[in-house]
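Those protein sequence lines, which keep their order, are chains W and Y.
Just so we're aligned: 66 in the working numbering is position 66 of the first sequence, and the numbers increase by one with no gaps anywhere.
Just so we're aligned: 163 in the working numbering is position 163 of the second sequence, and the numbers increase by one with no gaps anywhere.
In short, the hints are calculated from the structure, not lab data.
Hints may contain errors.
Note that identical chains are pooled: a pair holds if it fits in a single copy or bridges any two copies.
[Said to hold, decoys possible] Straight-line distance between alpha carbons at most 25 Å, and here's what the computed SDA-like set of lysine to any residue pairs gives: (1) LYS193 <-> ARG151; (2) LYS144 <-> GLU55; (3) LYS144 <-> VAL132; (4) LYS144 <-> HIS164; (5) LYS67 <-> HIS35; (6) LYS30 <-> THR121; (7) LYS144 <-> LEU173; (8) LYS28 <-> LEU196; (9) LYS144 <-> LEU116; (10) LYS2 <-> ALA41; (11) LYS144 <-> ASN195.
Just so it is clear, the structure is predicted and the values come from calculations on it, not from any experiment.
2 protein chains.
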Amino acid sequence: MKKYVIIVAGGSGTRMNSAVPKQFMELKGKPVLMHTIEKFADTLPDAKVIIVLPEQLTNDWKALCTKHDFSIAHELAAGGETRYHSVKNGLVLVPDACLVGIHDAARPLVSKETILGAFETAEKWGNATPVVAVSDSLRSVRGKENTAVDREHYRIVQTPQCFHSDLLRKAFLKEYKPEFTDDASVLEAFGEKINLVEGNRENIKITTPQDLLLAEALMQQH
Amino acid sequence: MKKYVIIVAGGSGTRMNSAVPKQFMELKGKPVLMHTIEKFADTLPDAKVIIVLPEQLTNDWKALCTKHDFSIAHELAAGGETRYHSVKNGLVLVPDACLVGIHDAARPLVSKETILGAFETAEKWGNATPVVAVSDSLRSVRGKENTAVDREHYRIVQTPQCFHSDLLRKAFLKEYKPEFTDDASVLEAFGEKINLVEGNRENIKITTPQDLLLAEALMQQH
Chain W
1 MKKYVIIVAG GSGTRMNSAV PKQFMELKGK PVLMHTIEKF ADTLPDAKVI
51 IVLPEQLTND WKALCTKHDF SIAHELAAGG ETRYHSVKNG LVLVPDACLV
101 GIHDAARPLV SKETILGAFE TAEKWGNATP VVAVSDSLRS VRGKENTAVD
151 REHYRIVQTP QCFHSDLLRK AFLKEYKPEF TDDASVLEAF GEKINLVEGN
201 RENIKITTPQ DLLLAEALMQ QH
Chain Y
1 MKKYVIIVAG GSGTRMNSAV PKQFMELKGK PVLMHTIEKF ADTLPDAKVI
51 IVLPEQLTND WKALCTKHDF SIAHELAAGG ETRYHSVKNG LVLVPDACLV
101 GIHDAARPLV SKETILGAFE TAEKWGNATP VVAVSDSLRS VRGKENTAVD
151 REHYRIVQTP QCFHSDLLRK AFLKEYKPEF TDDASVLEAF GEKINLVEGN
201 RENIKITTPQ DLLLAEALMQ QH
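Produce the complete structure using the sequences and hints provided.
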């Protein structure tokens, strides 16, 4: 099946305490978003790439592409109010009967194995979400009560979350709810069972300055 | 109340793929364990420090103290089969009617605020456990089923977990269970309500080579 990748770069970067939006922050001399696009272009050279970007950043992005001589083909879609709305805007550019992976722009360290594994499982079973084990102790908090929970019963969710495009588009016809923190949760609310696949621990989401330092350190290793 | 700190350095370092146990790995030219001890000695200069170390590492530790001219006073206790058993061995050296904080040797980046906050709350209410918010999406897994959960209802647990020594010692009279992944869970099984206090996000547990890189990057900032 034909493959599409929607890279969601809708963040405004307020958590980075920085004037530069986080998807444009430099990692080894290049915007985070370019690293992320390159990883998908290397892993799935035939896939079509769609970048969802806040409209007010379009000109900045084009200037960065010129500055860094960035030539990987991609289409742009406009960012929405929430992640749900951004993905919905990206889906408009995806045809029926293909596979679509939705990925966070702020996760440049996704591995080839994670990408390939998620697309393969989605092709077979309709959807796939990469997860990793929880390495810290967890406590559950409800109001004033809190109790220990068994971390073996939980997984940390990553991206790319991959889907048959028809299925995902149908799920996105449902009205937005604040519980939709990722794309799997939208599909789940539509009644589908979610298939988990193995992610990679380095596939962190860069949301704070310390995450950026970690990402730099991890890239130094490779 | 008189304060004691038990620093649990029982790990054998197998997860680091390294011949050097993780508590002895060098961070900015010094074993991780020394950084951790220094943080407590700076924050609570009057506290007594107890290090729980596997017995076969005692001579290596003494050699490292000589090499690094490390002179912060501390007592040694023998590591046990699990964390529970290690802490129990350390508690033997703690008198009644004082406060005791149990801390992971592999968390050198604990902040002064986290330490002071946990000891203060424990002095007032009997116990305190530092936690931070969960920044990733979570899924719950039971057998073949998995579902989205609201990460707002969960917290990541850190150390130092602080207690009235009498209360903790009584709780540790209970027989060991595999669910005892930290000290708060032992106290909870004894029927006590656990008080949560704010931890600090940098207070990571160094368990992999990538954590060591992150810790180095974070220390560079300070």
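Homomeric proximity label, LYS30 with THR121: Cα distance no greater than 25 Å: Neither way: LYS30 and THR121 sit 32 Å apart in one copy and 45 Å across, limit 25 Å.
Checking an output row: LYS144 and GLU55, CA cutoff 25 Å. Within, between, both or neither? neither (42 Å within a copy, 42 Å between copies)
Is it within, between, both, or neither for LYS144 and HIS164, if the alpha carbons may be no more than 25 Å apart? Answer is between: at 21 Å across copies they meet the 25 Å cutoff, but 42 Å inside does not.
Tell me, please, which holds for LYS144 and LEU173 at an alpha-carbon limit of 25 Å: within, between, both or neither? For LYS144 and LEU173, the Cα distance exceeds 25 Å both inside one copy (37 Å) and across copies (28 Å).
Have a look at LYS144 and ASN195 and pick one of within, between, both or neither, based on CA distance no larger than 25 Å. between (34 Å within a copy, 10 Å between copies)
25 Å Cα cut-off: does LYS67 pair with HIS35 within a copy, between copies, both or neither? within (15 Å within a copy, 43 Å between copies)
Cα distance capped at 25 Å. Does LYS2 pair with ALA41 within a copy, between copies, both, or neither? Answer is within: at 14 Å inside a copy they meet the 25 Å cutoff, but 60 Å across does not.
For LYS28 vs LEU196, is the C-alpha pair at or below 25 Å within one copy, between two copies, both, or neither? neither (32 Å within a copy, 39 Å between copies)
Checking LYS144 and LEU116: alpha-carbon separation at most 25 Å within a copy, between copies, both or neither? between (43 Å within a copy, 22 Å between copies)
Homomeric proximity label, LYS193 with ARG151: Cα distance no greater than 25 Å: Both. Shortest intra-copy (22 Å) and inter-copy (20 Å) distances satisfy the 25 Å Cα cut-off.
Taking 25 Å as the upper bound on the Cα-Cα distance, should LYS144 and VAL132 be classified as within, between, both, or neither? between (29 Å within a copy, 16 Å between copies)
Hint compliance for this structure: hints 2, 6, 7, 8 are broken, all remaining hints hold.
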